[in-house]
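Protein chains in written order, with this note's numbering: chain S, 1 to 345; chain V, 346 to 623; chain A, 624 to 960; chain L, 961 to 1114.
If you are wondering where the hints come from, they were derived from the structure by calculation, not from laboratory data.
For glycine and all other residues, C-beta sits at the position ideal for the given N, C-alpha and C.
Watch out, some of these pointers could steer you wrong.
Pair by pair, the computed Cβ-Cβ distance ranges are [what the hints assert, rightly or not]:
| no. | chain 1 | residue 1 | chain 2 | residue 2 | range |
| --- | --- | --- | --- | --- | --- |
| 1 | V | VAL358 | A | ASN915 | 46 to 54 angstroms |
| 2 | V | HIS351 | A | GLU826 | 36 to 44 angstroms |
| 3 | V | ILE359 | A | GLU826 | 38 to 46 angstroms |
| 4 | V | ASP621 | S | ILE111 | 28 to 36 angstroms |
| 5 | S | TYR310 | V | ARG497 | 42 to 50 angstroms |
| 6 | S | GLN191 | A | GLY747 | 27 to 35 angstroms |
| 7 | V | ILE359 | S | LYS100 | 35 to 43 angstroms |
One side only, chain V facing chain S, incomplete, derived with CB under 10 angstroms [stated by the list, open to error]:
| no. | residue |
| --- | --- |
| 8 | ASN349 |
| 9 | HIS351 |
| 10 | ILE359 |
| 11 | ARG364 |
| 12 | ILE365 |
| 13 | ARG366 |
| 14 | SER397 |
| 15 | GLY402 |
| 16 | TYR603 |
Now for the letters of each chain:
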Amino acid sequence: MKKIAKDKLSLLWKKIAENYQLFLPITEGKVVNFSIWEEGAEVDLNTLRTVNSPKNIIFPQTETYLKFKKEGKKLNLEVVANKGEYVVFGVRSCDVASFKLLDNVFLDEPIDKFYEESRKKGLIISQACLNPQETCFCNSFGINPELAPEGADISTWELGDLLFWEAQSEKGKNLTEALGDILEEVIEDEQEKLNQLKTGIKDRLKDLPLAQINPETIGGDLKEIFDSEIWDELHRRCLGCGMCTYVCPTCHCYDVKDYDGNKGGERFRCWDSCMFSDFTMMAHGNPRTTQKERVRQRFMHKLVYYTNNYKSYACVGCGRCTEKCPVSLDIVKVIKKLGGERNEL
Amino acid sequence: MSCNCHDDPLVPVIAVVDRIREDTADIKTFQVKKPKEGLPFTFKPGQCAMLSVPPVGEAIFSITSSPTQQNFLEFSIKNVGKVTDCLHQVEEGTEIGIRGPYGNNFPVEEFKGKDLLFIGGGIGLAPLRSVINYTLDNRNDYGKIDIVYGARSPKDFVHSNDLYHNWVQAEGTDVHLTIDKEFEDWKGNVGFVPQYIEELNFSCDKVALVCGPPIMIKFVLEVLEKLGFDQKQIYTTLELKMKCGIGKCGRCNIGDKYVCKDGPVFRCDELGKLPDEY
Amino acid sequence: MEKIREEIKEKARQALASKEVDVILAWEKGELWYDSYPAFFTKEKDIDSLVWDSFCVNNLSKYLLEYTMTDKKIGVFVKGCDALAFNQLVQDNRVSRDKVVLYGLPCSGMVDPDKVRTKNLNQGLTEIKKSKDKLIFITKDKEITVPAHEVYYDKCLHCRYPNPVTYDQLVGETVAAEGVLDDSVRFSGVKELEELSCEERFEYWDGQFSKCIRCFACRNVCPACSCKQCTFDDSDLEVLGKAREDSEDKFFHLIRAYHVAGRCIDCGECSRVCPQDISLEKLNRKLIKDINELYGEYQAGLDPSAKAPLGTYKLEDADSFTVGEKGGKKREKNSKR
Amino acid sequence: MSVVASSTSVKNVEEFEPLIVAFCCNWCSYAGADLAGTSRLNYPANIKIIRVPCSCRVNSNFVLRAFQRGADGVIVAGCHPGDCHYMTGNYYTRRRFSLLKNLLEYVGIEEARFKVDWISASEGNKFAYVMNDVLEKVHKLGPNRKLRDSRWKR
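Kindly produce the complete structure, drawing on both the sequences and the hints.
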């Protein structure tokens, strides 16, 4: 395990940015988001949760993948793929876990090559959460924010003025070596302190207000939950905006569109939201005519459909929807209504 | 690190619209092949392909030709939306993009030795035709074939050459046509497909393959049940809005099944297990 | 507030019991301290969970749109801004006044959870009490008293109509319109921008708009955005492309603001819900300011029988584009350009 | 021969040719354009006229879309207030585009890129003047980069 003094971090950023595109949680106005680091950027490693999840780095909101040109009856197609190598620093355990959930979909056969490429070129550096917030419930989905999350190439912990650094993968080891003496070896005493820190975080998790959420106790099979009457009530306050789906680290539905750029054009895919009325609209009609069906689709997908297909819930308990939904129609409420609560707590 | 993004399932290959036939006022059948010759890919009856007409977009269509037709793919397309409208304006010799094949197929291997009942309405004949031609090209593998087809009027019959000639002349094959409303010079049956099936009173030892407008499918299934068909004997093929064709973009799901990947062909007992949202 | 809450519940119970209304639109409490969300009550017994506290920021008038096609009679609780919104919906012919029973709730402001978090007042919070213009944050072992305006939403600090402008019954006592700001303060943000150079203004707005993730929350929460189908949702026409592209972002925001010009009640809900903190109020207020300057003072939602500024005209109207001609009135150009 | 040489060098590919889209009311401004034409008044070919039944037919979307897809300047021209063929159309135009004009300036679009003016059927001169004026100003400003879609190719 290595360490670095926090006041030397900008040296570290600089060094990494020499060879990679470096994404960091950066403050802009009141909002913190992962953006490309440049000298002088206002890095914020304290905010637990960026507004946008880092999924937009590995699965961009808009991704052009094809350029086309028509000449008479001839059609020319050209594949666009120009992603460079990048590093994302400061990804929290919940967001790291969300990458695995996206992998399940995109790396399932037939493999999404653009996504695969994007994953290959990325190096994920996680950051443990010292102080989980009241809206956090990652623990309910089996995520331990104090540990090195599976899927991170390097994991870090903050302790006082220090940042601890541990490579988790081959990629991570290579970067760690390349950084050379910017990083120092951890001494035994500090290792002990780190262990205490981890235990401290674990204790704090139990006291969080949403700690009792437990999707495992949701009862009923697919059709029973589908036909449940909770949807009749729940959907009514939904405004039909797409905020929950766009800030969600696990939502991955997309649309494919063409842009006519006069002389030639391009095809891109972009995030889409099952909350939007035109999501399933076809020439002959729409199978989901009201917001009830749309709201149901979103939560059924997260808690039932995805689980049936990939043996895992499509939620990581990051709390973004809990905090951001303008009318508090978040997954916590749905899980609770479906009976997903631990009784003993 | 080499990028193999050009192999991505979302990337279409170039194909050429070789010939176009006007079936009805709003349906055209397109023969599509590789720019030189041959099929862009191999497929099985009932599968779909995504056709691209940049800069308008992509849409998914069922392949209406049989895999036994090795020279071209055929698509029968009704002009209903943006992409289909653009396709209808395409001229012969125009290059388009194609990717596929997508979805599952009608289990033609399992059908071997059985009598088959095809029930189609309107443009719903498109996916069935692939199976019909496939079974007729492998005639000895299958038993009696009945084809029930209905449309608004004789003018709305797609593949009328098949309906009036090829299939009628095929051995052990009966074609039963019906139209919705009286039409001049029409000597055949008048009435909706479900009633006609009831009148024809088919024995329930067949496999039924149904495709047509949702409302027709609904009533046909009721009639078939009445005639004694088991749900496991009935197959249908569905369509919902699709974008990726590979079960990732997340909009064509019925419950946990994706029509583009786990469908479009569903056996009715499987369909019964899914939520009613299609 | 606690006293009024009981009064509200009583009103709601009575209204449902007497069948004066079929449904009551109010708020309910979730699991967290700030979590008061819109709720729909049809049964008397459910009224127990009705809540009225410093977090009932959601405007319930917008939900009336859903009921326009039914013959249900609806009781709805409205704050000052919500009442303006209600009037606007009536003016736009989207809600019929006679189907609705309005219960007015004077409101001195709603608390911004973010401001509470910034002040670290949410640690171990068990209860929040309100006493006049102070808020008391109670934890297990201590009480912290904070002047209310320190934690109110920005939009509430600029509130001009804390008391509902229309209602059938008023619950509680009207509040003094203190903290109400005159136009010079209300439009100060707009004026600051107007004084910048063209390039500086562009840089500012480019930065704002490019943050947009196109979640449409600003539109969907807006009581003036009451179209059955929004032009942006027409996927066939593709008025708005789906790509995150700077020009599309600008297109969306300019058209959104422009579509509510003259109908925007300045409730600030769009800025509140924006996850990316885009200064939408500065766009809306620019249009309000221009309407006021060019065509006379107008407050949307004040009078449902008034003509919308962009739906009417006067022969002698001014414009902003001809110079020196009849009726021409040109805004002074800033010197920096 | 040096004259020829310099004139070819001026005409290099980089030279900016502004594209102006002018929405002209059918009854006045479009007729004004006709008159300008028949009077052999010069106005540049870079002005693409789109005929609309009334200036109030022009939606704010149209203006922004023109800017998105290639226009460097946009003109909306209608009958003088009081002269509308449909009696009141241009009174609405006046209010709407007063606001849009200010709004565009407010978000940092150069004032000269969007012009609204009244041009009657008899004002061939004014038509030519307005067109030339906008073109000249836009030429000075250079290509519209602020509102153009980055994917659009001229």
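Okay, the hints, checked on the actual structure:
At about 60 angstroms, the CB distance of V:VAL358 to A:ASN915 disagrees with the hint of 46 to 54 angstroms. Separation of V:HIS351 from A:GLU826 is about 39 angstroms and conforms to the stated range, judged on CB atoms against 36 to 44 angstroms. Look at V:ILE359 against A:GLU826: about 44 angstroms separates their beta carbons, and that is inside 38 to 46 angstroms. Checking the proposed 28 to 36 angstroms range against V:ASP621 and S:ILE111 shows it holds: the Cβ atoms sit about 33 angstroms from each other.
Checked against the hint of 42 to 50 angstroms, the C-beta distance between S:TYR310 and V:ARG497 comes to roughly 44 angstroms, which is consistent with it. Look at S:GLN191 against A:GLY747: about 31 angstroms separates their beta carbons, and that is inside 27 to 35 angstroms. A C-beta distance of roughly 36 angstroms is found between V:ILE359 and S:LYS100, which places it inside the suggested range of 35 to 43 angstroms. Annotation: interface hint on V:ASN349 holds; nearest CB of chain S at approximately 6 angstroms, less than 10 angstroms.
Checking V:HIS351 against chain S by beta carbon gives a least distance of about 4 angstroms; that is within 10 angstroms, so the hint holds. Interface restraint check: V:ILE359 against chain S, minimum CB-CB distance 6 angstroms, threshold 10 angstroms, status holds. The criterion of a C-beta within 10 angstroms of any C-beta in chain S is not met by V:ARG364, whose closest approach is roughly 14 angstroms, and the hint is violated. For V:ILE365, the interface hint is violated, since its Cβ never comes within 10 angstroms of a Cβ in chain S; the closest pair sits about 13 angstroms apart.
Hint status for V:ARG366 relative to chain S: violated, with the closest Cβ pair at about 18 angstroms, above 10 angstroms. Checking V:SER397 against chain S by beta carbon gives a least distance of about 8 angstroms; that is within 10 angstroms, so the hint holds. Checking V:GLY402 against chain S: minimum C-beta separation of about 5 angstroms stays under 10 angstroms; hint holds. With its C-beta approaching chain S no nearer than about 9 angstroms, V:TYR603 sits inside the 10 angstroms limit, and its interface hint holds.
Hints 1, 11, 12, 13 from the list above are not met by this structure, while the remaining hints are.
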